[in-house]
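Below are the chains, spelled out letter by letter.
There are 2 protein chains.
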Amino acid sequence: MPEDRKIRLGAFMRPVTIHTAAWRYPGAFPDANFNLAHLKRFIQTLERGRFDMFFMADHLAVLNMPMDALKRSATVTSFDPLTLLPALAMVTEHIGLVATASTTYNEPYHVARKFASLDHLSNGRAGWNVVTSSNPKEALNFSREEHMEHDERYVRAREFYDVVTGLWDSWADDAFIRDVTSGVYFDPEKLHVLDHKGKYFSVRGPLNVARPIQGWPVIVQAGQSEAGRQLAAETAEVVFSGLSKKEVAQQYYTDVKARMLAVGRDPGQMKILPGAFVVVGDTAEEARAKKRHLDSLVYPESGFASLAGQLGCDISGFDLDKPLPEDLPPSNASHTARQKLVAMSRDEGFTVRELAQYIGGAFGTLEMIGTPAMIADQIEDWFTSKACDGFNIMFPYLPEGLDDFVDKVVPELQRRGLFRREYEGKTLRENLGLQRPENRFFPSKKSA
Amino acid sequence: MPEDRKIRLGAFMRPVTIHTAAWRYPGAFPDANFNLAHLKRFIQTLERGRFDMFFMADHLAVLNMPMDALKRSATVTSFDPLTLLPALAMVTEHIGLVATASTTYNEPYHVARKFASLDHLSNGRAGWNVVTSSNPKEALNFSREEHMEHDERYVRAREFYDVVTGLWDSWADDAFIRDVTSGVYFDPEKLHVLDHKGKYFSVRGPLNVARPIQGWPVIVQAGQSEAGRQLAAETAEVVFSGLSKKEVAQQYYTDVKARMLAVGRDPGQMKILPGAFVVVGDTAEEARAKKRHLDSLVYPESGFASLAGQLGCDISGFDLDKPLPEDLPPSNASHTARQKLVAMSRDEGFTVRELAQYIGGAFGTLEMIGTPAMIADQIEDWFTSKACDGFNIMFPYLPEGLDDFVDKVVPELQRRGLFRREYEGKTLRENLGLQRPENRFFPSKKSA
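These protein sequence lines are chains A and B, in that order.
Here the first sequence stands for residues 259 to 706, where the numbers follow my numbering.
Here the second sequence stands for residues 259 to 706, where the numbers follow my numbering.
Among these hints, one or two may not hold up.
No copy is singled out in the list; a pair is fine if it fits within one copy or between any two copies.
[As the list claims (entries may be wrong)] No more than 25 Å apart at the CA atoms, straight line, and that leaves these computed lysine-lysine pairs for DSS-like: (1) Lys-264 to Lys-503; (2) Lys-644 to Lys-580; (3) Lys-298 to Lys-666; (4) Lys-580 to Lys-598; (5) Lys-457 to Lys-549; (6) Lys-503 to Lys-598; (7) Lys-644 to Lys-395; (8) Lys-264 to Lys-684; (9) Lys-455 to Lys-395; (10) Lys-264 to Lys-395; (11) Lys-395 to Lys-598; (12) Lys-684 to Lys-298; (13) Lys-395 to Lys-448; (14) Lys-666 to Lys-264; (15) Lys-457 to Lys-503; (16) Lys-666 to Lys-549; (17) Lys-580 to Lys-684.
To be clear, the hints were calculated from the coordinates, so they are not data collected in a lab.
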């Protein structure tokens, strides 16, 4: 690692907070998730805090919960990320704009075109979070009875990625001449027709959008299963990991960066950013009291619903006061999430009820609860221990939780020399320290 | 018709001009089609001119032309409409934002969600131009060997429309309570699960976006075939027609509005807006000279390519100096476009070469070339003769052609009392004089 290794910060903003009770917290905007004026305020504050990126997850359905829990969820109405981010691009100048787009229920031509358009409109600030879809309700919105099997989803995802990046390379960076005198608009030698034919897709190309400003929008992923790690090692430039223990995160970090070397990639060209749920107080006790108050606003059924959703199975037959059974019923849900929950219950002695309340609060993710100095200590410790390259920050309630982080934690990180005071570059890639990819069909003279 | 019937004006802006030589015209921006700063200037000028809407067509492929013509086309790189319009929504307040989305290569859940998001982000200014795809190159970008047959595309389009509008009605307008005290975010009685099962789609719903501000974004269509007219009569609120003769336009207007009555719709609830290619001069001779100069910049091969594209067949065997053969080879292209070209060649004595040059210029659409008063006369004549309710204006070159229309023609229409001086309402629907649709699952008390 070079000496100038700096912490990278993303803001996880769809939903704007993952805490199910956030909208009820005193002073919170109950409609934070679905109000453009609020979202504009948030992203402008994050830009003032020099965040690398505004990161939007996505769901292609109303989440799968019993109505008693669902009716308490602030996430059931939210903007399509690829419709919201172009709007937010117009009210910001520097911050990256990362949207999730599923490889399971999309066509690569649409995805390539939308991200290429966003990259041009934002002057090179787009990122694509490549996911496979695992919510069973999503299949039902796309004329399918059930989801594709887990590993097969990854095969499709890899092919999807190859097609999208191939389409982004349809045009050389200098293809467009626009010579008014001769009437020639582009150089035909600088146009490549992809003509992809694979297991899942046949896509001729070329894309009807010029090559993105960044070459390719930044490739983001979150996979932690065996298939997910390998896909990340081969393709990802930012990884959003959900690991909450430092030792496990260190193992993951070492493993994925080793896999990168094995496939011939520079490990510096991937930034691993675990999610971190951060509650800031002026004292440690104040921070803990805020978290306790927030958790007290969680409806118990919401926790059970979140747990059932994570496990992908019915939990009504489980004994709520015993640990999670090791022999869970079969499910097509994320393997990693299920294994993590079983391990958490076993290792930390959580009953099903406790697990549900915990997940109903903050999804079982890494928590940082304390003073700005305590939080900066934890960030610095993870970072210097090579458990991560930074974090995707999750705010407990909006706007206060976000304002606290920007106004109190960021200055502390800056004082320690861990985080930027000004953006280094113009594009998301430049700010993250990522190289601009060569066009595979039109290599530069240097490398040709 | 009520006495206060006013002319409606759309701006046809994708590509920003349909004239293939526009980018070469003296003073034109060669990159007008793909430069956000220019597009922002255009839409703000159109809003100053009180236009109803900024209208974007769409293509899901680089157009089908021989390279010798293609390399002269300014349209090969352009923004995805549903990515551009949210950005333009942030720099405007009143003008409608209409995007084309194909029913042939999209999923209704994605389309419903993106337009609902755009409608919320723009405070009720979205419109959806419902099309079927007929460019054979598009199929090849979506893992298909060939296009669906013409009439079957319309069957699918109608089902697609039913699903999208059903998803928009997933939530009653007042579903979201956000009661912080009780913790209830929405009223479960005001959520409808669509559970659509049809020939082409099975879509459960509900949509994960609140009902659009306008109830539904405005429904736009362009079909002129038998199947297209019927779909328009049943569903369209704005029709973009391509008719260039007043008598034919009158027949079309009468026919489609009669079809509306037959299906129980109020004919006032559809605005028929033919495309009009407008060149403004301070004298008639100056306007004609501008058009001649513009046409002189068309490369002959571009015209042949446009003609072949419209006909959906190879024209290299045709005698360029004779009329278009009546017995064209079979094709899956738009029936209407083919018939119009055959009729134009026969009735006006156009040779294949002349037809190609004409189409290479302005696509065989209605032309208005003259002084502001002459153009206002022609607009007024078509409007008062019930050949249309207004026009979709196509500019010959940018920015001059657009500025001329806004600064010279619009004031003339305003002086005549034919066109608004200020926007009447807040939403696109209100400005067009269209009713807000009832939610089919949650009718208001008045109508229940």
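Violations among the numbered hints: 2, 5, 7, 10, 15 and 17
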